[in-house]
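J.: Sequence:
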Amino acid sequence: MAHAGEDTGRIDPHSSQLTLRIWHPNCWTLQTTAATDAGLIAHGVYHTGGVTNARCTAYADSRKQINSLIDEIKSSPLTTEIQRVQEYFNLRARGNAAAGNTTEELLVKYESCNSIHDAFIKRGFIPEEEIRVHDGREYWTVIITQDRAEISRRLDEIRSEMNAEITIEGMKSPDTHTQNSSPAVELSERQREVFELAQRRGYYSWPRETSASELADEIDISKTTLLEHLRKAEVKLLGSV
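Taking the numbering used here, the leading residue of the sequence shown gets 1, the next gets one more, and so forth.
In case anyone wonders, no lab produced these hints; they're calculated from the structure. Only a predicted model underlies this, so the values are computations on that prediction, with no experimental measurement involved. Using N, Cα and C, we set each Cβ at its ideal position, and we do this for glycine too. It is possible that some hints are incorrect.
[As the list claims (entries may be wrong)] Estimated spans, in silico, between C-beta atoms of each pair:
1. Gln83 - Asn114: 25 to 31 Å
2. Gly50 - Asp217: 36 to 42 Å
3. Gly50 - Thr145: 37 to 43 Å
4. Pro25 - Thr225: 18 to 24 Å
5. Thr145 - Asp61: 36 to 42 Å
[Said to hold, decoys possible] Lysine to any residue pairs mimicking SDA-like chemistry, simulated, CA-CA at most 20 Å apart:
6. Lys64 - Ala35
7. Lys172 - Glu150
8. Lys232 - Ala212
9. Lys64 - Gln83
10. Lys223 - Glu165
11. Lys109 - Lys172
12. Lys64 - Leu106
Construct the entire structure; sequences and hints are all you get.
T.: Here it is, written out as structure tokens:
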């Protein structure tokens, strides 16, 4: 507990902000946005008795695309109820050019066992921004007060527990701006080979031009091994920033 006059504004030296791209199975948001030309912004996710309630904004360039997304959500076997909110309580979402030309607020219920949210929260990853979902991928910005090795270990736990694909797209720490030079990045030959192949084939492009399975088949290794090489390369490259 803070005492009067105590400085509570200090930043933990191990705090980091991560930007993550996520895929995991049995997720209605990923399946429905992959099937339509619309996206979702998740403002809040609440768990009660095995049921999750999500408050979302659907966005697209046209009303037809919004309706198509809502139809997909309604017909999904992974959702139990959807309500269209006619009044806009979140005024920032309404008419937000970044969200799209057309928006609609939704309340969606689904089984908590299919949510990846708690897997992050219980490991100390705290969402700093609203979760954005489009083209079959979730985009999270999170804060965590752990060093890089522990962050990597916890992400691997989530990958294993949820059968998830998690890509670190960016990482910032309090001392990032004070670093004047970057140490040489020492990737193993295999890590470099896999990482450079992924770059050439458009694995890091958006939309993604190839899959982890296709890359693994091309160089005759398992998908698990390929993803391990990529994760290790990403950790080393991020550590040199």
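J.: Taking the hints in turn, state whether each one holds.
T.: For each hint, the structure was consulted:
no.	hint	verdict
1	Gln83 - Asn114: 25 to 31 Å	violated, 19 Å
2	Gly50 - Asp217: 36 to 42 Å	holds, 38 Å
3	Gly50 - Thr145: 37 to 43 Å	violated, 30 Å
4	Pro25 - Thr225: 18 to 24 Å	holds, 20 Å
5	Thr145 - Asp61: 36 to 42 Å	holds, 39 Å
6	Lys64 - Ala35	holds, 14 Å
7	Lys172 - Glu150	holds, 15 Å
8	Lys232 - Ala212	holds, 15 Å
9	Lys64 - Gln83	holds, 18 Å
10	Lys223 - Glu165	holds, 11 Å
11	Lys109 - Lys172	violated, 34 Å
12	Lys64 - Leu106	holds, 16 Å
When the structure is compared with the earlier hints, violations turn up for hints 1, 3, 11 and for no others.
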